[in-house]
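Make the full structure from the sequences, and use the hints.
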Amino acid sequence: MPLSTDDITREAGASAQDEGQEMSGTGSRTGKAGRILRSPAAIATLLLLLMGTVTALAWYASVWKREVKVSRVAIGGVSLLSRQKLEKSLSPLVGRKLAEVREEEIRRPLVPEPYIRELQIVRELNGTIRVTVSERQPFAMTVFQGRPMVIDTEGMLLPDTGVSGRYHRLPVIYGIDRAVPVRGGIWRMHSDDIRVLQSIISAFAGSGYAGLMLREIHLAQGNQSWFMVSGSPIRFILGNDGNFKEKLKKFEIFWQKVIAKKGFDCYESVDLRFRERVFAKEPQIAGVSPVPSAPASAATDSLPVQKTLPR
4 MPLSTDDITR
14 EAGASAQDEG
24 QEMSGTGSRT
34 GKAGRILRSP
44 AAIATLLLLL
54 MGTVTALAWY
64 ASVWKREVKV
74 SRVAIGGVSL
84 LSRQKLEKSL
94 SPLVGRKLAE
104 VREEEIRRPL
114 VPEPYIRELQ
124 IVRELNGTIR
134 VTVSERQPFA
144 MTVFQGRPMV
154 IDTEGMLLPD
164 TGVSGRYHRL
174 PVIYGIDRAV
184 PVRGGIWRMH
194 SDDIRVLQSI
204 ISAFAGSGYA
214 GLMLREIHLA
224 QGNQSWFMVS
234 GSPIRFILGN
244 DGNFKEKLKK
254 FEIFWQKVIA
264 KKGFDCYESV
274 DLRFRERVFA
284 KEPQIAGVSP
294 VPSAPASAAT
304 DSLPVQKTLP
314 R
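Read in my numbering, the sequence shown has 173 at position 170, and its numbers run on one by one without any break.
Treat the hints as calculated values from the structure; they're not laboratory data. Mixed in with the good hints, there may be bad ones.
[Said to hold, decoys possible] With a cut-off of at most 30 Å between alpha-carbon atoms, the simulated BS3-like pairs for lysine-lysine come out as follows:
#1 K284 / K265
#2 K252 / K265
#3 K284 / K252
#4 K265 / K248
#5 K88 / K100
#6 K264 / K248
[As the list claims (entries may be wrong)] Computed Cβ-Cβ distance ranges for the label pairs, DEER-style:
#7 S85 / N226: 22 to 28 Å
#8 V185 / V125: 40 to 46 Å
#9 S82 / S205: 35 to 41 Å
#10 N129 / R186: 31 to 37 Å
#11 E107 / Q259: 23 to 29 Å
#12 A77 / A45: 24 to 30 Å
#13 K264 / S205: 15 to 21 Å
#14 A61 / P95: 29 to 35 Å
Even for Gly, the Cβ is constructed at its ideal location relative to N, Cα and C.
Written out as structure tokens, the structure is:
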């Protein structure tokens, strides 16, 4: 039966009224739930549940951590030392409870090793003890009290257990006679000797070809330290202070302009301590009086040369 316009309007109004009542009921239920959740009692209950959960997890983690056993010891950061040897020294820790292993027990077997400078220890939750080693860095060698020793960058004398053979052309140092014992065969150079040696070697490292020629350095008090180069018996006097880089520049000029032309054994010593001057002493032959020679300033690019050293 066809519906009139009035019938359609009445049905639409009734439907809208029913929907409004239904939505009003839903909104009322939602608002009531929101008020319940925002109430102090509900918030307190949620907080208690959260705190209880966190506490339970923390307790479980602490119990689990106490029961974790050391599964392995990992050594890192070594190049001079044997990783296997160091790990073997700590092998008695494997199988023990991780929480019961004291740091002193980890350090004690490693501290006697002279080439270990610092240790960093980390305990991992999977049972691994990870030890990162900072090694001492050699930069010279010497013979001290009849034993070959390696000198590190901080002036420590370390037993040479084959370490020097891993480095190319470590300079040999003489004149170390004021070192003091530290522990386990390790000695420390006198602070003045350390300062002079560090300055001289740093200057050689930053030089042109002087560093490639360096053979040995002789430390001497009274501003008398000197060095020798490969293939020549000449003593080159640097002293114990001043600008060593400038002194080595003078050495390189003098070597190229004078010694390379006259011969590698033409002088007994060459003094580089004086500003803009080089003093050279010719070798004396028994029974022959030394003959003075003219300065060779032109040959050394404005570096005057006197053939006798000042006393």
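Here's how the hints hold up against the structure:
In summary, the hint linking K284 to K265 is supported, as the alpha carbons are separated by about 14 Å, within the 30 Å threshold. A distance of roughly 19 Å separates the Cα atoms of K252 and K265; the hinted pair therefore holds under the 30 Å criterion. A threshold of 30 Å between alpha carbons decides the hint, and for K284 with K252 the separation of about 19 Å falls inside it, so the pair holds. Pair hint K265 plus K248 holds up; C-alpha atoms about 25 Å apart against a cutoff of 30 Å.
At most 30 Å may separate the alpha-carbon atoms for a hinted pair to count; K88 and K100 meet this at roughly 23 Å. Between K264 and K248, the direct Cα distance comes to roughly 24 Å. Compliance with the 30 Å bound is thereby established for this hinted pair. Restraint check, S85 to N226: a C-beta distance of roughly 43 Å breaks the suggested window 22 to 28 Å. For the pair V185 and V125, the beta carbons lie near 27 Å from each other, so the given range of 40 to 46 Å is not met.
The supplied range of 35 to 41 Å is broken by S82 and S205, whose beta-carbon atoms lie about 22 Å from each other. Between N129 and R186 the Cβ separation comes to about 35 Å, which falls inside the hinted range of 31 to 37 Å. For the pair E107 and Q259, the beta carbons lie near 58 Å from each other, so the given range of 23 to 29 Å is not met. For the pair A77 and A45, the beta carbons lie near 50 Å from each other, so the given range of 24 to 30 Å is not met.
K264 and S205 have their C-beta atoms about 30 Å apart, which leaves the hinted 15 to 21 Å range violated. Between A61 and P95 the Cβ separation comes to about 31 Å, which falls inside the hinted range of 29 to 35 Å.
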